[in-house]
Every structure is written in structure tokens, then in C-alpha cells.
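S.K.: Respectively, the protein sequence lines represent chains A and B.
Using numbering that gives the first Met the number 0, you'd call the opening residue of the first sequence number 0 and step up by one each time.
Using numbering that gives the first Met the number 0, you'd call the opening residue of the second sequence number 0 and step up by one each time.
Just so you know, the hints here were simulated from the structure itself, not pulled from any lab data.
For every residue, glycine included, the Cβ atom is placed at its ideal position computed from N, Cα and C.
Honestly, I wouldn't trust all of these hints.
[What the hints assert, rightly or not] Distance condition first, Cα-Cα at most 30 Å in a straight line; then the derived DSSO-like pairs of lysine-lysine:
1) Lys1(A) with Lys85(A)
2) Lys244(A) with Lys213(B)
3) Lys99(A) with Lys78(A)
4) Lys244(A) with Lys237(B)
5) Lys83(B) with Lys425(A)
6) Lys391(A) with Lys247(B)
7) Lys391(A) with Lys413(A)
[Claimed, not checked] A short list of chain B residues far from chain A (calculated; beta carbon distances all over 10 Å):
8) Ile11
9) Leu138
10) His187
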Amino acid sequence: MKARKQRITWKIGGEAGFGIMSSGTMLAKAFSRHGYHIIASNEYPSLIRGGHNVITVGISTTPIHSLTGVVDILVALNKETIDLHKNNLHEGSYVIYDSKDWEPHETDFPQNTQFIAVPLSNIVKLRGAESVMRNTVALGVTTALLGADFSVLADVIASQFGEKGKDIVEENTLVARYGYDFIKKEYGLLDSYYLDFVQEKAELLTMNGSEAVGIGALDGGMKFAAIYPMTPINSLISLFADHEKEFRITYIQPEDEISGINMAIGASYAGVRSMVATSGGGFSLMVEGVSLAGIMEVPLVIDLGMRPGPATGMPTWTEQGELLFPIFSGHGEFVRIILAPGDAPECYRLSKFAFDLSQEYQVPVFILTDKYLNENLWTVQKKEFEHPSVPKNGERSKDKSHGDHVKRYDMSVKNGVSARSFPGDKNGLYIANSYEHDEYGYTTEDPGLRIAMSRKRLQKEQAIIDVSPLPSVYGDNESDITFIAYGSTKGPILEAMDFLKEKGIRTKLIHFSWIYPFNGKRIKDLLDLEKRLIDVEGNGTGQFAKLLKQETGLDIQEKLLKNNGRQWLPEEIVEKVI
Amino acid sequence: MNSPIDQFQTGISPTWCPGCGNFGILAALKASLVKLGIPNHETVIVYGVGCHGNMRDWMRVYGVGGLHGRALPLAQGVKLANSKLHVIAITGDGDCIGEGGNHFLHAAKRNPDITVIIHDNQVYSLTTGQASPTAEIGLATKSTPEGVLESPVNPLSLALVGGGTFVSRGFSGDIPYLTDIFSQAISHRGFSVVDVLQPCVTFDPVHSYEWYRKRVYKVERLTEKRQALECLSEWGDKIPVGVFYEEKRDTSEDREYVATPQLIDLPLEIPNREAFLGSFR
Numbered sequence: 000m001k002a003r004k005q006r007i008t009w010k011i012g013g014e015a016g017f018g019i020m021s022s023g024t025m026l027a028k029a030f031s032r033h034g035y036h037i038i039a040s041n042e043y044p045s046l047i048r049g050g051h052n053v054i055t056v057g058i059s060t061t062p063i064h065s066l067t068g069v070v071d072i073l074v075a076l077n078k079e080t081i082d083l084h085k086n087n088l089h090e091g092s093y094v095i096y097d098s099k100d101w102e103p104h105e106t107d108f109p110q111n112t113q114f115i116a117v118p119l120s121n122i123v124k125l126r127g128a129e130s131v132m133r134n135t136v137a138l139g140v141t142t143a144l145l146g147a148d149f150s151v152l153a154d155v156i157a158s159q160f161g162e163k164g165k166d167i168v169e170e171n172t173l174v175a176r177y178g179y180d181f182i183k184k185e186y187g188l189l190d191s192y193y194l195d196f197v198q199e200k201a202e203l204l205t206m207n208g209s210e211a212v213g214i215g216a217l218d219g220g221m222k223f224a225a226i227y228p229m230t231p232i233n234s235l236i237s238l239f240a241d242h243e244k245e246f247r248i249t250y251i252q253p254e255d256e257i258s259g260i261n262m263a264i265g266a267s268y269a270g271v272r273s274m275v276a277t278s279g280g281g282f283s284l285m286v287e288g289v290s291l292a293g294i295m296e297v298p299l300v301i302d303l304g305m306r307p308g309p310a311t312g313m314p315t316w317t318e319q320g321e322l323l324f325p326i327f328s329g330h331g332e333f334v335r336i337i338l339a340p341g342d343a344p345e346c347y348r349l350s351k352f353a354f355d356l357s358q359e360y361q362v363p364v365f366i367l368t369d370k371y372l373n374e375n376l377w378t379v380q381k382k383e384f385e386h387p388s389v390p391k392n393g394e395r396s397k398d399k400s401h402g403d404h405v406k407r408y409d410m411s412v413k414n415g416v417s418a419r420s421f422p423g424d425k426n427g428l429y430i431a432n433s434y435e436h437d438e439y440g441y442t443t444e445d446p447g448l449r450i451a452m453s454r455k456r457l458q459k460e461q462a463i464i465d466v467s468p469l470p471s472v473y474g475d476n477e478s479d480i481t482f483i484a485y486g487s488t489k490g491p492i493l494e495a496m497d498f499l500k501e502k503g504i505r506t507k508l509i510h511f512s513w514i515y516p517f518n519g520k521r522i523k524d525l526l527d528l529e530k531r532l533i534d535v536e537g538n539g540t541g542q543f544a545k546l547l548k549q550e551t552g553l554d555i556q557e558k559l560l561k562n563n564g565r566q567w568l569p570e571e572i573v574e575k576v577i
Numbered sequence: 000m001n002s003p004i005d006q007f008q009t010g011i012s013p014t015w016c017p018g019c020g021n022f023g024i025l026a027a028l029k030a031s032l033v034k035l036g037i038p039n040h041e042t043v044i045v046y047g048v049g050c051h052g053n054m055r056d057w058m059r060v061y062g063v064g065g066l067h068g069r070a071l072p073l074a075q076g077v078k079l080a081n082s083k084l085h086v087i088a089i090t091g092d093g094d095c096i097g098e099g100g101n102h103f104l105h106a107a108k109r110n111p112d113i114t115v116i117i118h119d120n121q122v123y124s125l126t127t128g129q130a131s132p133t134a135e136i137g138l139a140t141k142s143t144p145e146g147v148l149e150s151p152v153n154p155l156s157l158a159l160v161g162g163g164t165f166v167s168r169g170f171s172g173d174i175p176y177l178t179d180i181f182s183q184a185i186s187h188r189g190f191s192v193v194d195v196l197q198p199c200v201t202f203d204p205v206h207s208y209e210w211y212r213k214r215v216y217k218v219e220r221l222t223e224k225r226q227a228l229e230c231l232s233e234w235g236d237k238i239p240v241g242v243f244y245e246e247k248r249d250t251s252e253d254r255e256y257v258a259t260p261q262l263i264d265l266p267l268e269i270p271n272r273e274a275f276l277g278s279f280r
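The following block holds chain A by itself, in its conformation from the complex (with noise of 0.2 Å):
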């Protein structure tokens, strides 16, 4: 027998409404159940029915960061699925098929590939199983080829199909196991791709990113969402609505985005910790809300979940191509934060510590993700959410020298930071007003106090810098090369530093998840130090460069930018640096 492997990379394809999204689900669970490390990437067009769906699903007895381009495992649940997934396969890759649905010509495909035809229309036909139920024989059928055991399998799909029924279970589990015996029977000699055991086997938990970070916000002390749906926020939506009762959290559908970042001001002015999630169309509707949150100095947590643009762009794909507008989003000066998570883990505790931030400081804070962050599948180590510190309230005003009025907006406090108080609370009048304001809200024109407002407002942003954390170094000490990189592209690099490693190049990452305000003068002089400067980013611009230059004056001469909607590859990045 062969030495069992340390990493595989699988991929089903087929037409949308063929379950493709959750077998991929199912076999990230059913592994990650069991030590392994999961990461899982789909691809989708923008409609519900008829296009061509694809999730690749990477499973490793290590952690993993990113997929890399070669699969060893292709289920073709329709032959569309080996047109557009051919290239994929290297020598020795399997391909699962029905051979009512196609034939393959060895020659077109990488040597010693191993076609291995599996009846699946006549398994769930015999069973008289609905046709969508082909996606369950698949996965009996990798769960043999992966060389586990039918148990890992019939586990998950005892606690994913539970609620449906009793003879759901069983009628799943039940072609679930025709393909996995019909392998054992008839491939019972293939074993290239036997997964290997976990040595060290944590507790794992499979979410995507938006799961992540909802999980953050409700750490976080969240307790209102107006969130109108859009790609890719969408599981957002469902943790909250599905939890809405249980968490005695509050869910709106507003009417539109204008209307939900609107809701989250009023119920965050009002005492509650508040956010609103959306894509950049959304985002461009909110823009004078972030504003309204500025002047009126209301805590607000934005997630803006990217995608590539412009207008409706390509929906349903990926792209780092809104760094910049949210920095600089909303009309008038006024301090805001961003955030941008590399990965999971790093979704759920920015996302919580965005509500900190927010509270702290008072300004809108934002978790800048994108469509591979908020879709993909991760495993997060279970420890990552053990013990969170207790979500911090800003400081409640307690001045009682003017009776029933506060000065709201005292200006004579430390960083601009001043005391909240809250409608209902006997001593706290003010007026919180959109328009510029003195220091109890009431409408101001003054040239005096609005320079004095202003700076009151502004002074934020030293103070934000002064606590804000430097960007994370990985790899060698001492680089060849130092990769510059901010949010979803730090997994691809890491990965891509491996196979630099193995040829005897050094290398680095500096990857920046604090993106805003930025701390000029101290991340000019960790970047002095650096030998070859290589930015990679997921957009046409270069726009972290821009950024990276108009706040320390470096001008990084070497970017490596992709924007056709698809996350970079690890291998991609080898290739063009080398």
C-alpha cells in the first residue's frame, strides 16, 4: 500500500440546484469532525437554477491556508463539469462519472488519469431517490476513496438531514452507502489518495467567514442588525435571523440599505450595540449614514463584504477592490476604522473588537471582507472562542451640573472622547444632530466652535493610532523577498512561501488586518528594513500601494494584482516572483 497522503484537494461540479454547495458542506464537516483541516472554496454564477456551481474542497492533516489550482479528486456531475475543470487534474487525478452523461477520451486528459464511472442516476434511480440525492452517492463514493471509514460519512449526514426526518436519514445514509460499497467493490485496489491520520487532532469548528464574523458581533455584545440582503453577507443574515429568538437579538429586513445603516444609528444612539452588513453597491447607498454616525459620534459597526465592481460587477466573485472607499466614504472629515480579516479566525476577533472600537471611540468601525472570506469554508481551532472577554461600554455620562442637560459633546475630554448618555436617562438631554452642534448638540455656525468641534471630533484619530496594533509578520527573519499584503490574499501567500521555502528562497509577509488610521511613521520604519518589497493584492489598482505610499511615502515598484474575480493562487505568486 501506498504512503497515505497529508493533503487532497476535491472538486464536484454540476448545474445549480444539484446540491453542490452542500455535499461540499458535508464532506468539510465530516473530516473536520475528525481532526482534519478544511478549507473550501465555491464557485458560482448569479442565478439559482441552470448555471454551472463548483465548490473545491481542500482536507489536510495540517493547517491549511489556501487551495492551491491542482485537484485530486474531480466529481463531474455533468460533463460541463470536465470541460471547465480539465486543467485541474495533474497525473494520477481521479475523475468520478456517470457514463450516461459522457464518455472520456484518455488522450485529452493528464496521464494515468483514473476514470472511475459510477451509475449514480441508476443508484438513486434503483433506490427511488430523487435525482439531486447524486450528490450523496458522490460522497460515498470519495468517502471510500479517501480511505475512511462509511462512519465519518453517515455521522454528518445523520446531523445535517436530522430535522428533515427520520427517512430522510436513512434514505441519504442509504445511497450514501451504495457508492461507498460500489467503490470498495469494484476500486477496492485504489488507494492513491488514502488520507492520512491526525496526529494531533484539535477540536475543530467548520463556518464560513460570515459565520465568523457574526459570531464576533454577538461576542461583541450585538444586539441589532438591519441588514439588507446582497452578496456575499448573505449567511450573515441567516445566523442572525435563525438565532433571532434564542439570542433575543433584533434582525430587521429594512427596505433598503439607505433605511438599515439609518435603523442601526438610531438603535445604537439609543444604547444598543448595532451593525449593518452589505457589498459595495450597498455600501455606496450608506455612504451618508457613515457620515450622520461621524457628526453624531454614534458607535456603528459596518461589515462591507467585497466584490468586484463596478455597479453590479460580477456578483458572485472576489475581489480587494473597495480598500479605499470606505477610508475615504462619507462626506465632511470625520474618524472611522477599518478592519480587514486575512482569514476566519481573524473574522471573528476583529468583528468583536470592532464593537470595542466602536464603543471606545465612538466612530464607525469596519470589517472590510470579501466574497473568498465570507463564502469559503474554514476550520477555526474551537479554542479561538474560548473565554471572550466581556464586551467593554464606553463611559455614561454622569454630569449633573446643568440639570437635565448634558454637555454630550464636552469638548475639554481626553482624545475627544466623550460620555454617552442614553433617552430615557433622567439627566442626559442632548440633542444628537446631524448638523454641527455645541457641546449639549444644540445647532451651531460659529467659526470658533466649529473649529473647536471639528478638532474635538478629529483628535480621535491620534489616539486611535497610538493604540492601534502593527501589521503580523510571518515567515524568515531575514527575507529575500517580503511580501506586502492586507485581508483575504494573506492564506494564498502563506501557502505560496512554502513552496518558496522548499526552493531555498527566504521569505516574509507583512500582512496588514489593521488597515485604518494608519500608523505612518512606525510601518515606515519596519518596511525600511526590508530588502525587496513584493505588494500583492486582489485588485487593478494597487490600492493598499496607494494607501501604504500617501501615509509613509514608500512607493512599492513591484505589485502583483488580480482582479478577474478569482482569489489569488498559491502557485500564481511563485510564478511571477521567481
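We have chain A already, so just place chain B on it with the hints.
M.R.: Relative to the frame of chain A, chain B by itself:
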């Protein structure tokens, strides 16, 4: 404090034009809050932008000076966070029906327990007199020198058709009656709309106090929606004022279960966290 109405005085003098219809609305609003015994710290008034919005400095409550057209979403957020508060939106015809039209329709649909007072004078006065969505055909304004060509929107038919559960009209030249309507609207549990006919003495020479006084007459509330729609649509030589329609329906706050406990009173931690995390296995 000499009189209960003093709790609402800010000591800042209004800058509305002398004779502006807004004065009557401000007086009636204060009187109705006093009549209902609602203290200022339990009152949140959300303002849009327009002449009406300047009221924020002359009304001593928890005031929120919002954005143009966005008073209703802000007000709904406040009410959901703390449903014990009395939440009133002060808006204008341009603010509420123009810029914020979509919010108005959807608020009516949701039926939050808030009161909307529309300062309806057919013109955008703060921008020196352009036509508003409620301007009558033929009205000459700065943006329509040849007269308005489009049909006006009737805010109340929108409110009624949209699902509003309290639909009324007042006239700022009759403060006692307006006070009565406001009191009923604020007491109503649900989305209550008061369209207040209000002369702009500076930019609309046609619709003066006299013009309205000759036309307005009081109606009794109706229980049948279609009749109410017909009644409130009357406009011309006779203009009805009063409460046209009222019904009881679930409010947003009822559906969201935010009353017990209030969102603001919830602990910041979530319950059953361990089981919740387990669902991601």
C-alpha cells in the same frame, strides 16, 4: 418650573419666518405632550431636514437631527432598541414623501409604534421655495415657474394603502384641534400619521391661512378603509381634517419581541453559547 410646558423650552428663539405655519405645530405638539403627561426624557423626537427640522433646537427632549428623508429609519431603530420611549418623527412633505418616500411606505407596512408629523406646505422652503411632491398642479414655484405640471401625492392615501394604522390630517391654524389630533396619534399604538396643512407665508402666496380656513372642515373617523380613502382624497373647495382611520394591528416591536426585556436591557453575552458553538461541528 412654572408650567409643565416649560420643560420643553430650550431658551433658544425659533428662527422660522413670522407667521410660519410651523409655530402652530410646535405649540400643539408641546400641548399634547403636556396633556398626555409624557416627560421630556422619555420622548425622542427625530427630525428630518427642512424648515421643520430646525425645530430640534427649540424642543427640549431627546432630539435627533437626522438626515434629509431619513427620520423614519432612525426613529424605528430607536423604538426597537427601547420601546418604552415615545418616538415622534418630525418631517416635511419633501423630506418624508420625496427623499424618504420609500421609508414612509415601508414604515406603514411594518407598523412601528411611532408618530409621524408631516409639515405639509407644498414647497421646499429652506431651499427658498421649490415645488414639493404635494404641490398642487399649477402652483408657480422657483422650480416650476410655469406652474407644477405633475399630479400631487397625497401622503395620507399612501399611508392608508401602505398599511398605516392611524391616518389623520390637521391644520396648523387650529391649534386646539391639532393638539387633540396629536394626542390621539401619540396615544395610538402603531404607525400614526398626521399630515399637517401648514401655510408657507414666504414662498407660497396661494395657500395662506385664509385659503385653508375657507376650506377645512372636520370629519368623524371611519372604520371602513375604502370610505376613509375616499374621504381623505377630497381636495379643492373643501378639505377634510380629522382622524380618518384607525385600526389595531401588531406593531414591529410586537413582532420582534423587543418589549420584554428591552434590547437596551439585555446582557451583552449570549445565552447557550456552548451549544451554539457546537452547531458548527
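S.K.: Would you mind marking each hint as holding or not holding in the structure?
M.R.: Hint-by-hint comparison with the structure:
Among the hinted pairs, Lys1(A) with Lys85(A) is consistent with the structure: their alpha-carbon atoms are about 25 Å apart, no more than 30 Å. The suggested pairing of Lys244(A) with Lys213(B) is violated, with an alpha-carbon distance near 54 Å, which exceeds 30 Å. At most 30 Å may separate the alpha-carbon atoms for a hinted pair to count; Lys99(A) and Lys78(A) meet this at roughly 10 Å. Proposed proximity of Lys244(A) and Lys237(B) is contradicted: the alpha carbons are some 50 Å apart, above 30 Å.
Note on Lys83(B) and Lys425(A): the hinted pairing holds, with a Cα-Cα distance of about 14 Å set against a maximum of 30 Å. At roughly 40 Å between alpha-carbon atoms, Lys391(A) and Lys247(B) are farther apart than 30 Å, so this suggested pair is violated. Pair hint Lys391(A) plus Lys413(A) holds up; C-alpha atoms about 18 Å apart against a cutoff of 30 Å. The beta carbon of Ile11(B) is not kept farther than 10 Å from every beta carbon of chain A, the shortest such distance being approximately 7 Å.
Listed as outside the interface, Leu138(B) is consistent with that label: its C-beta sits roughly 29 Å from the nearest C-beta of chain A, beyond the 10 Å cut-off. The beta carbon of His187(B) is kept farther than 10 Å from every beta carbon of chain A, the shortest such distance being approximately 20 Å.
Of the numbered hints stated above, those contradicted by the structure are hints 2, 4, 6 and 8, listed in ascending order.
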